[in-house]
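Using the sequences and the accompanying hints, generate a full structural model.
Residue numbers (the working numbering), protein chains in the order written: chain E, 1 to 532; chain L, 1 to 540; chain A, 1 to 154.
Simulated from the structure, these hints should not be mistaken for lab results. Be careful, since some hints might not be right.
Claimed, not checked - In silico contact screen, one side only, chain E against chain A (beta carbon under 8 Å); selected entries:
no., residue
1, Glu-131
2, His-133
3, Phe-135
4, Asp-137
5, Leu-138
6, Leu-143
7, Gln-146
8, Leu-149
9, Glu-153
10, Leu-154
11, Ala-157
12, Thr-160
13, Gly-162
14, Arg-166
15, Gln-531
What the hints assert, rightly or not - Just the calculated beta-carbon pair ranges, DEER-fashion:
no., chain 1, residue 1, chain 2, residue 2, range
16, L, Asp-362, E, Gly-79, 58 to 64 Å
17, L, Glu-426, E, Ala-119, 51 to 57 Å
18, E, Ala-421, L, Glu-426, 14 to 20 Å
19, E, Asp-521, A, Met-52, 28 to 34 Å
Here a beta-carbon is modelled for each residue, glycine too, at the ideal position from N, C-alpha and C.
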Amino acid sequence: MTRKSCDVVIIGAGHNGLTLGAYLARSGLDVMVLERRHEEGGGLCTEEVTLPGFLHNIHANYHTFVGMAPPVTDLDVRGHGIEYVRPEVQMASVFDDETALCIYEDIDRTVDAMAEFSADDAATFKRLYDEAHGFVDLLLGTLMYQPPLSVKELTKALSTFGVDKRSEFLSVKLRRETINQFLDQHFTNPKIKAHLAFHGAVCSYTNDVMGLAIGFPLLVGKINNWHLCIGGSHRLAHALWRDLAQHGGVMISDAEVDRILVDGNRAVGVRLSDGTEIEARKLVASTVSAEQTFLEFMDESIVGAELTHKVRTEVKHKDWSLFSVHLAMAALPQYKAAAFNPDVDRAWVVNLGVDSTAKFDADWKTIRAGGLADPHPNAAVNSLYDPTDAPEGFYTGLLRQFAPYALADGGEGTWDGIGRAYGHRCIEAWRRYAPNITDDALVDWDVFTPYDIARKLPNMVKGDWMMGEISLANMLDQRPLPELGQYRTPIDGLYMAGSTQHPHGFITFGPGYNALQVIADDLNIDKWWAQV
Amino acid sequence: MVTRTYDAVVIGAGHNGLCLAAYLQRAGLSTAIIERRHEEGGGVNTEEPVMSGYRHNMHAQFMEFFDVMPMIQDFGLEDVGLRTVVPEAQAGITFADGRPPIILHRPDLLDRTHASIARYSRADADMFVEVKKRAAMFEQILAVGLYNPPGATAQVAGGSLEMRMQVLETAFGDLGITGHFVLKTPKMVIDELFETPELRALMYRVSVEWGLPLDTAVTGSDFLTFLMWTTANWKLVMGGTHSLAKAMTQACYREGVDLIENAHVDRIIVEDGRAVGVMARGTEYRANKLVASNADVHQTLIGLVGEEHLSPLWAKRAKDYRFGPSHVLATPMFCLYDAPEYKSAKWDPEINRTFYTAVGYDGPDDMARYIRDAYSGLLPKPAGGLWVNSLWDKSQAPPGRHSATGWYFFPVASELSPEEWTEVREDFNERFIDVWADFAPNMTRDNIIAHKLYTPDQMERKNLMREGDFSHGEFVPDQQGANRPFPEASNYLTEIDSLYLCGSSTYPGGGVHAACGYNAYKKIAEDFGLPSPIAPGRSY
Amino acid sequence: MPDIYTGDWYEAVKDAINAAVEGMTDTPEGAWTICVEIVGDGASPYTPDSGMRRFLIRIEQGRCLWYRELEADPDKKLDYRFTGDASVFDGIAAGLDDPIEVVLHGAIKVRGDMRFLLRQAELVNVLLGAYTSGVDTTWPQGRPPYGAVETAAS
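Written out as structure tokens, the structure reads:
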């Protein structure tokens, strides 16, 4: 590599790094995005891990912020070739009694489907959706895509505005409740509650965690906004990279950052593991983990003893991860529950056999103790809506099971020995609800364990695919630590711009976009993107 | 139906398609590349198909043309991330009985190459080094030949028989290599130049790997010039060969090329004998000026244009074009704790740090049988050439671990049934590991974390390389030079107006040189009055 | 008793706001330019059915400095933009609808830095109070929900 100097060095070419880079490149800065892996995209990772022609999304599969995230339009990702499909049957749960609950893109059909289980709950859901949908735009579009307020400030504002009195569901007291409590207050049917809890969990809002009820109405407000990226999630990485490159920035893959170079108290560049030093004239932004940034890339003498200690001991990670089975299939699943509701066979993602929140609660308990839950994974078949992700006549499938990173028996290393067997069990679980998924229907399959997540993407510390626990204590300006909560760091010219930051992981574009606002303020960059 | 209009539409984002598109866009033509896969690069791909963090080059392994490849210079690929290393010890052969290895070093370390061969034969060492030095002097001449359409200039490989004889006579005559060596097969040349069986065995394999089948007559000058120039002059692309595709793609993005992925071209639209666009996934991509295809000649003409638009001669030529058995390879991939430590290392520890190592052979007869087996449709015995790229590039494996990738010579995809290929995938590596441990005792099952074999039938599916032929067509004289893919189509333009070929079934053929794309641009530039791509100070 | 959306009405609103803010101790430093977009919806007689009325408002230190009606999208850099149907805005001005509820339910879209509005919730409440009940508005073409016509004399 011959380029050794630029205005902006961004560490990590995940979607946040590329997003920040593209905006800054469009603002006229000379940007280099450095990526450790041989592929850009981070969690936007699509690989043919089973057989040629089967495109498996290794991490991000669900794009739920399309239409809300400003970068999608500001960076013209559709112009760069991105095609999003919003599946007509977004998701479903199938239950042991061979019934199924479907969530449709069309919310009225969703309400009708729910009414099969409980008319009251269906009506409640409709009111919740309508109310939440009203402020989704307001809260997501403004709170999520701005540097964060504190929970305190938010609570105070909501009280001053008298939101409790004006809203049936949104309330400041939700910050002291679990999603389970919220569901118990408003809903009666255990299956409906289980499905809504599932939806939260897939978004990392674990149903038994105190305080997460605060985010739940928002989740419901976009429950039918799940989008599939045609050709695999990695396509989005290409689109963002392309935008960066078309505006003069460069992404360098296989550029593993080893050090952040600091002069005085100012970040002035980085050194790569091959010894190359790259000067950053204006700033360095890290989109990788706090641990990498403050413990690996800099010495304690620079970071300071207190912050070093805090990063080492106080950065909170998720207490569960994901175990995936990637399948190359010769048949689409035909659920027994299709007799009850035939649309379940066209549901993009199907949650298998969780008919009460208590079942989830028991699983979380097992998982947090490092055990393997009796699998009832969720099954996504992207090929239902993406004709390009498998050879003709074949289909690509994904089973996801909530699982611990470190197993009580032997730690994370144990996964290498037991992954295949657990994958088998997940497939068997699927088969109970979709008996046609026989061995003959599976051309090939491969597992991707929580340990694999950390090995492939070390920024996802301990397989933490949200890059930080989702909890009240790790939200908004507290994420990942109070002193890092506003994207700035104690080192001048060094910013945090990845999913360690508000809002969180997932394909939100939020951390990169919000870091951009802070950087623009600090560098006096005209916010051409701010459409007021 | 959606219609999108460009000046030029390129089918396929293999490295030749990327190269052509970048030059076209820079010349002012709005250009789209329509790629079937979700990733660019075609055979220039690196993946993690076995385990997270262990990378493997699935097709192209080593790079021998970077010093002369115009696109690297013209588009500043090193500025956008292309980095290489040139391992000191380049090509080696090792033995189960612990005999000394033979190690060919890179061109600036020929004394070490000499010492290695001299362990067996001083005469061979002298001859090898001398031929290698003289071949290196051909670099610029060969580059001029590569990066021009065939017949456009005086070419060593593509030139007339008389000319080639004269070149050999002049360059090597005093070594006893007279003009008639042109007529020989590579095996004959190797056998006549070198007496050492171990060196012969290594050179057989290197020759075949490079694209010169052992027993093809009239390829003697190719061996002595091209092969001897490029042998052990190999670069390792840091991060994996796919980094080249990344850099090329980034160059395309920066120029403004529209790269459309996950779009399998169904057909080339021909109106009044002229190619005017392509259909892919229900979208019509109109081309105001031209369509160029990185796909092979058979797929382009028979599959995408359709016989109804072809003259009987062109249809027949396209169908008669042959794929394999040259350059049909399977890629075994191993995730390792430790890199292999060979018995032969007791003579020369460099063999444990050699870029490319042939493992599983005892001598030339053994090697020749292996090659001939594969060529005749049989599964050869377990043996292969291996790269442990993590020795130089830490990004290839997790800390302290290693990734190894190899090539087995295999029969063409259609020789085995799908079930047989599945069986091969299940047990061939296991058989190879047994052999490997004979050569490198630490290669026990305990040292191998996981492995996978990627077979020719899969390559056919992944990259539409017919028969698993890496090079888009057999490398033999009637399909080489001005005969590639066939004489009437050798100048990149097909008989369909404004339809060009730019893939490896055109001159100069397979290999990561991007010359097919570059030369296709030259032809297109001539036809459309576009700027010459020849940068100041470069003669081609 | 000014007619809705007339110059007099806005002057009255301005005065009402400034009077209300007068009593506040910690009004924020700074200046804000706000655009209010009232979109004709067929129900309100005060905004053309398929048209839009735009008002630009300038707030400094919590006080309303000036306002003006615009012909086109302002070329000025805005801090906030409020957009909603005419009948929704009318309903708020008439004190019928609760502006917070209206915004919560998405009937008026707010663009701009929400953090500031949330941090200054009290000021926002005061401004809204002045807007909704600080002026005795007349409705020449009917008061929402657009019943009997009121005249200046009535």
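Verification of the hints:
1. Glu-131: holds, 7 Å
2. His-133: The hint holds - E:His-133 has a Cβ within 8 Å of chain A, the shortest such distance being about 7 Å.
3. Phe-135: holds, 5 Å
4. Asp-137: Since chain A brings a Cβ to about 6 Å from E:Asp-137, closer than 8 Å, the hint holds.
5. Leu-138: holds, 6 Å
6. Leu-143: Given a least distance of 6 Å, the restraint on E:Leu-143 holds.
7. Gln-146: Holds - the Cβ of E:Gln-146 comes within 8 Å of chain A, reaching about 5 Å at its closest.
8. Leu-149: Check passed: Cβ of E:Leu-149 comes within 5 Å of chain A, closer than 8 Å.
9. Glu-153: The hint holds - E:Glu-153 has a Cβ within 8 Å of chain A, the shortest such distance being about 6 Å.
10. Leu-154: holds, 7 Å
11. Ala-157: With a minimum Cβ separation of about 4 Å from chain A (threshold 8 Å), the hint on E:Ala-157 holds.
12. Thr-160: It holds, given that the least Cβ distance between E:Thr-160 and chain A is near 4 Å, below 8 Å.
13. Gly-162: Interface hint status for E:Gly-162: holds (7 Å vs cutoff 8 Å).
14. Arg-166: Where the cut-off is 8 Å and the nearest Cβ of chain A is about 5 Å from E:Arg-166, the hint holds.
15. Gln-531: holds, 7 Å
16. L:Asp-362 - E:Gly-79: 58 to 64 Å: Holds - the Cβ-Cβ distance for L:Asp-362 and E:Gly-79, about 60 Å, lies within 58 to 64 Å.
17. L:Glu-426 - E:Ala-119: 51 to 57 Å: holds, 55 Å
18. E:Ala-421 - L:Glu-426: 14 to 20 Å: holds, 19 Å
19. E:Asp-521 - A:Met-52: 28 to 34 Å: holds, 32 Å
Violation of the numbered hints given earlier is absent; every hint is satisfied by the structure.
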